[in-house]
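**Student:** Start from the sequences, fold in the hints, and give me the full structure.
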Amino acid sequence: MIGYILRRFGAAVLVLFAISVLVFLIFFATPGVDPAARIAGKNADPATLEQVRASFGFDQPLPVQYLMMMKHLFVSHDLTSFVNRGTLVIPQIMDAVPVTLSLVVGAAVIWMVLGVAMGTLAGAMRGTLVDPLVMLLGVFGVSLPVYWLGEVVNLVTQKELHDSVFSWVPPLGYVPLSQSPGQWALHLLLPWLTLALLYAGIYARLLRGELIQALNEDYVRTARAKGLSERRILIRHALRCSLIPIVSLFGLDFGALVGGAALLTEVVFGLPGVGKLTYQALQNLDLPVIMGTVLYAAFFVVLANAVVDVLYARLDPRVRRA
Amino acid sequence: MPDQPILEVDDLRVRFRTGGGHFTAVDGLSFSVRPGEVLGVVGESGSGKSVSMLGVLGLIRTPNAEISGKVVFRGRDLLALKDREMRAVRGREIAMIFQDPMTALTPVYTVGWQIAEQIRAHERISKREARDRAVRLLDEVGIPAPGKRVDSYPHEFSGGMRQRVVIAMALSCNPGLLIADEPTTALDVTTQAQILDLMRRLRTDHGSAIVMITHDMGVVSEIADEVLVMYGGRAVERGARRDVFHAPRHPYTWGLLDSVPRVGGPRVRRLPTIPGTPGASAGGCPFADRCTHRHAACEEVPALTGGSGHLDACWLPEEGRERIRRGDRSGPEASPARQSARAADEER
Ligand SMILES: Nc1ncnc2c1ncn2[C@@H]1O[C@H](COP(=O)(O)OP(=O)(O)O)[C@@H](O)[C@H]1O
Ligand code: SF4
Ligand SMILES: [Mg+2]
Numbered sequence: 001m002i003g004y005i006l007r008r009f010g011a012a013v014l015v016l017f018a019i020s021v022l023v024f025l026i027f028f029a030t031p032g033v034d035p036a037a038r039i040a041g042k043n044a045d046p047a048t049l050e051q052v053r054a055s056f057g058f059d060q061p062l063p064v065q066y067l068m069m070m071k072h073l074f075v076s077h078d079l080t081s082f083v084n085r086g087t088l089v090i091p092q093i094m095d096a097v098p099v100t101l102s103l104v105v106g107a108a109v110i111w112m113v114l115g116v117a118m119g120t121l122a123g124a125m126r127g128t129l130v131d132p133l134v135m136l137l138g139v140f141g142v143s144l145p146v147y148w149l150g151e152v153v154n155l156v157t158q159k160e161l162h163d164s165v166f167s168w169v170p171p172l173g174y175v176p177l178s179q180s181p182g183q184w185a186l187h188l189l190l191p192w193l194t195l196a197l198l199y200a201g202i203y204a205r206l207l208r209g210e211l212i213q214a215l216n217e218d219y220v221r222t223a224r225a226k227g228l229s230e231r232r233i234l235i236r237h238a239l240r241c242s243l244i245p246i247v248s249l250f251g252l253d254f255g256a257l258v259g260g261a262a263l264l265t266e267v268v269f270g271l272p273g274v275g276k277l278t279y280q281a282l283q284n285l286d287l288p289v290i291m292g293t294v295l296y297a298a299f300f301v302v303l304a305n306a307v308v309d310v311l312y313a314r315l316d317p318r319v320r321r322a
Numbered sequence: 001m002p003d004q005p006i007l008e009v010d011d012l013r014v015r016f017r018t019g020g021g022h023f024t025a026v027d028g029l030s031f032s033v034r035p036g037e038v039l040g041v042v043g044e045s046g047s048g049k050s051v052s053m054l055g056v057l058g059l060i061r062t063p064n065a066e067i068s069g070k071v072v073f074r075g076r077d078l079l080a081l082k083d084r085e086m087r088a089v090r091g092r093e094i095a096m097i098f099q100d101p102m103t104a105l106t107p108v109y110t111v112g113w114q115i116a117e118q119i120r121a122h123e124r125i126s127k128r129e130a131r132d133r134a135v136r137l138l139d140e141v142g143i144p145a146p147g148k149r150v151d152s153y154p155h156e157f158s159g160g161m162r163q164r165v166v167i168a169m170a171l172s173c174n175p176g177l178l179i180a181d182e183p184t185t186a187l188d189v190t191t192q193a194q195i196l197d198l199m200r201r202l203r204t205d206h207g208s209a210i211v212m213i214t215h216d217m218g219v220v221s222e223i224a225d226e227v228l229v230m231y232g233g234r235a236v237e238r239g240a241r242r243d244v245f246h247a248p249r250h251p252y253t254w255g256l257l258d259s260v261p262r263v264g265g266p267r268v269r270r271l272p273t274i275p276g277t278p279g280a281s282a283g284g285c286p287f288a289d290r291c292t293h294r295h296a297a298c299e300e301v302p303a304l305t306g307g308s309g310h311l312d313a314c315w316l317p318e319e320g321r322e323r324i325r326r327g328d329r330s331g332p333e334a335s336p337a338r339q340s341a342r343a344a345d346e347e348r
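As they're listed, the protein sequences go chains S and X.
Heads up, the first sequence is in UniProt numbering, so the first residue is 1 and it goes up one at a time.
Heads up, the second sequence is in UniProt numbering, so the first residue is 1 and it goes up one at a time.
Hints are supplied without guarantee of correctness; some may be wrong.
Unchecked claim - Listed next, the stretches of chain X that the computed footprint assigns to chain S, with coverage defined by at least 3 CB atoms under 8 Å from CB atoms of chain S:
1. 79–93
2. 97–106
3. 181–188
For the record, the hints were derived by calculation from the structure and aren't laboratory data.
Glycine is no exception: its CB is placed at the ideal position from the N, C-alpha and C atoms.
**Tutor:** See the structure below:
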């Protein structure tokens, strides 16, 4: 198992290296484009252009340029956004990460609990009215666009009913966990629920299907012949095996969301996370920030994948030797 | 009272409600098993062997099934037991193993864990003790290095070894009756023989009665004391192995016996098969549509009757069945033409 973990993370590091080279090449070595002009932004004066050329070593060979870039990113942390009047890129990303992590982790907990509970209930109660009812609820969650749902939630809680039922809802925005855990949770509650609703529906549906399939497996018949209780058969045997594909899906979704896919939720609820940062940078064509967030996103997606694979191996002994 | 049956099934019926109407999978089946005895239940696929045994254990779970009759095990009617009482019987007093050892175990737990789970479902013993017993059981069924293999996962065993694990698990609570549903069908011939050997040995050591379900007369001849031949959900012949093999009475049994390669005889590529497709004929004798001896009387369902423990359900005259059998279905030995055809087959 330890060997497997080491191998898996070794592979992740290699993938990250490859991605960084690729991103570097796209941004700095696209033929026919002057990278200095792109980094300096539209209408930059010659002095700025000269400064950019020097700091990124554009007169040097490509491998040196790559190393200088990585130094700016990971060693001196002084990659600068010229479009945005010289703000440093890395601190911006570092400020945004906790916001996105708070949003996604909280939502993930809610959607996993909800999704597993709903899926198990529906799968175990198949043939009764509970199953279609729960699934209808799931379809409802899946079919609402996050952006629209967020706007409606805001309209109701911030305007229409803010003076009565929802007077406890704080204004949009983010409060750091270190500053006030209570306010942190309160500010994030509605974003969490909004984001979780979509995924809970998908996960419930998927788990129900897996569970129904598992309950028809031979090993469940064996478990019954052993004289185990239905409850134990459901949870320890059928559900335990059904969770394996759920976990791998979860890793992918989680990685993508932390990597910036929670953009819409962040924008609607005014949360200054990585998604929102990328969104703004794209609007201004702020190349250094875009590059920073792309690398950051790649890091989380790859990391999440590696974690999932390790978890998967813990859950499913059959993949450990692969 | 050693001759008191441990299991007595009386007029068991299982009907499934299907899309259009009803399908009777088991139609008035009666048999009994004495302690330590091996009953071979044989018949083509679809003849209701599995369904009847699942019915005995209360493992038919679809709400579309109607089950009636009496299943008396050690003096209690199992069909009348509550769920919880039935669970205490399953796995402890009656164990059941299934055809495909590759899928019969939960893939995510070690075999030791799964054996211990069964023991601990029925007995109050510590995890440690349950594990020790699992090691002993694995040793007993011939798993090499059981102390190490107890922590292996099902996928780390071959098919034959996995079936041994399944057998070890079934025996973990010393059941009075073991129902084995085609335990060797999914295995290759050599492994089949080893598993049958093992079951014969365990039967002597543990004294469990065994119901051995199979579609293979060869398996029955190797292990059974009593034989029950099923067709279309009904018993068509029942008796001691010697009688059924040496003086088979029912045309369906004749067909089954003719389609078995003779032990020690030359290997044939193509065995004679029973003509027609399996399935009970509507009304009358269930075998009528495929029977070459069908006559007017067969419009009525023949009852299972006979003397001295050898019964059959057929309207043919009591006497002279062997002559009727040879009459128009000459056995492979009797026909020289067939012998040369077989020799030709052998050459190829
Ligand atoms: N749940 C079910 N619903 C409807 N028909 C069933 C069901 N289970 C089994 N049957 C039918 O019962 C018949 C007997 O099946 P089975 O006992 O499995 O035969 P076998 O002798 O091969 O073990 C088959 O024709 C099968 O299609
Ligand atoms: S009762 Fe008639 S149809 Fe049925 S097996 Fe006997 S001879 Fe054949
Ligand atoms: Mg069967």
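**Student:** Which of the numbered hints are not met once you compare them with the structure shown?
**Tutor:** 3
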